[in-house]
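Protein chains: 2
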Amino acid sequence: MKTMGIGDLALVRPRSFPDPDATARASGADDILVNALVTSDLATALGDCSYVIGASARTRSGRWPVIDPKGMAAAVVARLPDTGAAIVMGPEQSGLTNDHLSRCHALVHIPTSPVYGSLNLAMAVQVLCYEIRMSVLSAAEDGTSIGDRREQRDAAPATAAELEGFHAHLDELLTRSGFLHPDHPKQLRLKLRRLFMRADLDQNEINILRGALTSLDPDGAKRRNP
Amino acid sequence: MKTMGIGDLALVRPRSFPDPDATARASGADDILVNALVTSDLATALGDCSYVIGASARTRSGRWPVIDPKGMAAAVVARLPDTGAAIVMGPEQSGLTNDHLSRCHALVHIPTSPVYGSLNLAMAVQVLCYEIRMSVLSAAEDGTSIGDRREQRDAAPATAAELEGFHAHLDELLTRSGFLHPDHPKQLRLKLRRLFMRADLDQNEINILRGALTSLDPDGAKRRNP
Chain A
128 MKTMGIGDLA
138 LVRPRSFPDP
148 DATARASGAD
158 DILVNALVTS
168 DLATALGDCS
178 YVIGASARTR
188 SGRWPVIDPK
198 GMAAAVVARL
208 PDTGAAIVMG
218 PEQSGLTNDH
228 LSRCHALVHI
238 PTSPVYGSLN
248 LAMAVQVLCY
258 EIRMSVLSAA
268 EDGTSIGDRR
278 EQRDAAPATA
288 AELEGFHAHL
298 DELLTRSGFL
308 HPDHPKQLRL
318 KLRRLFMRAD
328 LDQNEINILR
338 GALTSLDPDG
348 AKRRNP
Chain B
128 MKTMGIGDLA
138 LVRPRSFPDP
148 DATARASGAD
158 DILVNALVTS
168 DLATALGDCS
178 YVIGASARTR
188 SGRWPVIDPK
198 GMAAAVVARL
208 PDTGAAIVMG
218 PEQSGLTNDH
228 LSRCHALVHI
238 PTSPVYGSLN
248 LAMAVQVLCY
258 EIRMSVLSAA
268 EDGTSIGDRR
278 EQRDAAPATA
288 AELEGFHAHL
298 DELLTRSGFL
308 HPDHPKQLRL
318 KLRRLFMRAD
328 LDQNEINILR
338 GALTSLDPDG
348 AKRRNP
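From first to last, the protein sequence lines stand for chains A and B.
Position one of the first sequence corresponds to residue 128 (my numbering), numbered consecutively onward.
Position one of the second sequence corresponds to residue 128 (my numbering), numbered consecutively onward.
Warning: the hint list may mix true and false statements.
[As the list claims (entries may be wrong)] Partial selection, computed: residues in chain B whose CB lies under 10 Å from chain A:
id	residue
1	I133
2	D135
3	L136
4	D344
[Stated by the list, open to error] Which stretches of chain B does chain A cover? Using the computed rule of at least three CB atoms under 8 Å from a CB of chain A, they are:
id	region
5	252 to 259
6	323 to 331
[Said to hold, decoys possible] Which stretches of chain B does chain A cover? Using the computed rule of at least three CB atoms under 8 Å from a CB of chain A, they are:
id	region
7	225 to 239
8	299 to 309
Calculated from the structure, these hints are not laboratory results.
Bear in mind the structure is a predicted one, so any value in this text is a computation, not a measurement.
Cβ atoms here follow ideal geometry from the backbone N, Cα and C, with glycine treated the same way.
Based on the sequences and whatever the hints tell you, model everything.
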């Protein structure tokens with residue numbers, strides 16, 4: 128929960144609380160356990176949350192709409208500014224009872240493999256919290272890419288002139304070596320250019336590549352070691 | 128992994144394997160452990176996977192492109208019909224080394240909370256596998272087969288072994304030419320690897336580049352024109 132920026136935990140009739148094992152496993156996130164609301168009934172846990180989603184391992188739900196984690200996250204985030212939303216996770220073995228379900232506006236189902244669908248509770252919580260965080264971030268960024276995702280560059284991107292200088296150097300050397308033929312070289316030249324363009328070279332990398340080319344130039348070597 | 132329909136696990140130098148604790152925790156998914164490839168080096172683990180993504184807890188990556196889990200899943204699914212893709216997860220404490228990174232085409236970062244970003248390894252695996260499953264399902268629901276999302280390529284993506292062959296060839300030639308020095312070559316080698324990894328080379332391009340290298344090899348030229 129905490130890795131995904133979510134902090135409000137309510138525990139309904141926990142088997143053991145506080146539990147030294149749980150506290151130890153929470154490591155740096157034990158503040159969430161310390162601040163958890165511990166109660167004997169779901170109604171108290173839900174408090175004034177106006178939107179309640181139950182987590183379900185089943186896709187057949189009778190009359191409840193079943194949404195996927197992304198749809199759940201969108202619905203939760205859309206309600207966040209004004210009102211609270213809650214996700215209800217049942218006990219690991221038995222899941223939610225009809226009484227629990229009767230307090231839910233919708234169910235969320237994680238589409239696990241039909242071959243092996245038994246996602247444990249911790250993993251289900253992680254996936255649902257992850258989708259809520261992705262939805263919060265995407266709402267905040269309003270569709271633009273997250274700053275975190277931007278590439279970090281060591282150096283400025285190569286200018287068009289620097290790229291052309293590199294390609295001319297490569298071309299000249301490979302023509303002299305006999306690899307590129309002046310008569311029908313078009314496809315091969317194009318392919319070489321394309322692969323280096325895909326690499327989106329920066330100025331430092333251009334310098335490295337040109338240094339490498341110079342080191343491979345028999346005449347250049349002659350000049351260096353006459 | 129198994130709950131998300133993913134079955135191929137490779138373990139590089141596991142601390143303990145088989146481990147009774149791991150087997151017990153895997154419950155119904157212990158077949159994945161039994162069938163895991165256990166090896167002493169990452170190259171063997173990657174096998175002929177042609178697209179390699181490293182999981183990174185950091186957003187600063189030097190020059191590797193950093194994508195989010197959804198972007199990673201889309202890229203992986205686009206490559207699935209023909210070729211393998213691998214996600215490399217580092218050890219829990221230390222993460223990936225530069226040597227690991229040098230085999231990656233891109234990094235995936237899960238945008239955790241800046242307040243508490245320490246997602247443990249199991250949770251990170253769950254989130255990434257979840258996104259791959261969602262991407263597979265969404266391809267199926269679109270009515271498009273996974274193959275339809277394939278990128279347009281002239282040739283099959285280069286396998287890890289083909290990439291290593293090219294890098295070894297480049298390294299050998301540039302060491303012989305004096306451009307790479309056996310004593311302090313680390314940063315320069317890494318930068319060269321990284322820029323070619325970003326280009327996401329295909330087999331045809333590997334052949335072109337190796338042909339170019341051979342043409343620039345003074346000893347190779349001697350052999351051709353004695």
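Check your understanding: Hint numbers the structure violates, sorted upward?
Key -> Violated: hints 2 and 3.
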